[in-house]
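Listed here are the chains, written in short residue letters.
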Amino acid sequence: EPEVTQTPSHQVTQMGQEVILRCVPISNHLYFYWYRQILGQKVEFLVSFYNNEISEKSEIFDDQFSVERPDGSNFTLKIRSTKLEDSAMYFCASGVSGANVLTFGAGSRLTVL
Amino acid sequence: GESVGLHLPTLSVQEGDNSIINCAYSNSASDYFIWYKQESGKGPQFIIDIRSNMDKRQGQRVTVLLNKTVKHLSLQIAATQPGDSAVYFCAENIHSGYSTLTFGKGTMLLVSP
Chain A
3 EPEVTQTPSH
13 QVTQMGQEVI
23 LRCVPISNHL
33 YFYWYRQILG
43 QKVEFLVSFY
53 NNEISEKSEI
63 FDDQFSVERP
73 DGSNFTLKIR
83 STKLEDSAMY
93 FCASGVSGAN
103 VLTFGAGSRL
113 TVL
Chain B
669 GESVGLHLPT
679 LSVQEGDNSI
689 INCAYSNSAS
699 DYFIWYKQES
709 GKGPQFIIDI
719 RSNMDKRQGQ
729 RVTVLLNKTV
739 KHLSLQIAAT
749 QPGDSAVYFC
759 AENIHSGYST
769 LTFGKGTMLL
779 VSP
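Chains as they are written, first to last, in our numbering: chain A, 3 to 115; chain B, 669 to 781.
Derived from the structure by calculation, the hints contain no laboratory data. Since this is a predicted model, take the numbers as computed values, not measurements. Backbone N, C-alpha and C fix where the C-beta goes; we use that ideal spot for every residue, glycine too. A few of these clues could be false.
Pairwise CB distance ranges, derived in the manner of DEER restraints [what the hints assert, rightly or not]:
id, chain 1, residue 1, chain 2, residue 2, range
1, B, Ala-746, A, Gln-66, 43 to 51 Å
2, B, Gln-728, A, Lys-85, 41 to 49 Å
3, B, Glu-683, A, Asn-54, 47 to 55 Å
4, A, Ser-99, B, Ser-708, 25 to 33 Å
5, B, Asp-699, A, Gln-43, 21 to 29 Å
6, A, Glu-3, B, Gln-749, 19 to 27 Å
7, A, Val-98, B, Gln-728, 17 to 25 Å
8, B, Ser-708, A, Thr-9, 16 to 24 Å
9, A, Gln-43, B, Gln-728, 25 to 33 Å
Put together the whole structure using the sequences plus the hints.
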C-alpha cells in the first residue's frame, strides 16, 4: 500500500537553529499538507500546497516557516529559527485531489532545546 | 471560534464489546467529516468519512452517524478488538477545496482482552 514517508523520525535542535523536515508524498498525489501535533494536544493544520504554491496556511504558519517542493518527489518544511514552542510532531499528508481524503505520514518529532 | 470537540477523553471497553465514540461540532458550514485513528508513534490513519448529505455510512466493523440537527458525529466500532486501541480523532472540513482539516482533541480507546 502506498505511503507517505517522512524523515527524520526525530530531530533534536537548539533554539534558533534552522530545521528542515522532509516528506515524500504518494507519487500520484497532487495536494500536500503539513500538520503538527504538540504533545497531548490535537492535530493542527499548518499549510496546504498545490501546483507549486501555497494554497492555504494557518496562523501558526508565520514567516519562520516555509515549504518547498524542490523536485518531483520531495516536499519539505523549513523552520528558519526554531523556538521552544516549535517542539511537536510534524505530520506530512498528501491527497490525490482536493476532495478531502488525506494520507498521513508517521511524523517527524522535533525537539527544540 | 467554532471548533470540533469530543465528549469523552478516554473510553475503556472489553474485547468484543461495541464501542461508540462521540464528537460535537459547532460549524454549520462543515460539509465533510472524517474519523482518524492514531496509534502510538504513528500518524493519523483514515477510518471512515461522511458528507453532510448523508446520515450514516458503514465500513468494515465501523459505522459513522451524522446528526446535523444537533451537530453530532459518532463512530461505532463493532466487536472491538485489542488492535482497535488508539486515539480516535474526528475532523471536519469547512473548506471545500483544499482539505484543510480541523481536528478534535481525540478520544483514547482502551480495549481490554
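Comparing the hints with the structure gives:
| no. | hint | verdict |
| --- | --- | --- |
| 1 | Ala-746/B with Gln-66/A: 43 to 51 Å | 46 Å, holds |
| 2 | Gln-728/B with Lys-85/A: 41 to 49 Å | 43 Å, holds |
| 3 | Glu-683/B with Asn-54/A: 47 to 55 Å | 48 Å, holds |
| 4 | Ser-99/A with Ser-708/B: 25 to 33 Å | 30 Å, holds |
| 5 | Asp-699/B with Gln-43/A: 21 to 29 Å | 25 Å, holds |
| 6 | Glu-3/A with Gln-749/B: 19 to 27 Å | 20 Å, holds |
| 7 | Val-98/A with Gln-728/B: 17 to 25 Å | 22 Å, holds |
| 8 | Ser-708/B with Thr-9/A: 16 to 24 Å | 20 Å, holds |
| 9 | Gln-43/A with Gln-728/B: 25 to 33 Å | 30 Å, holds |
In summary, the structure agrees with every hint in the numbered list given earlier.
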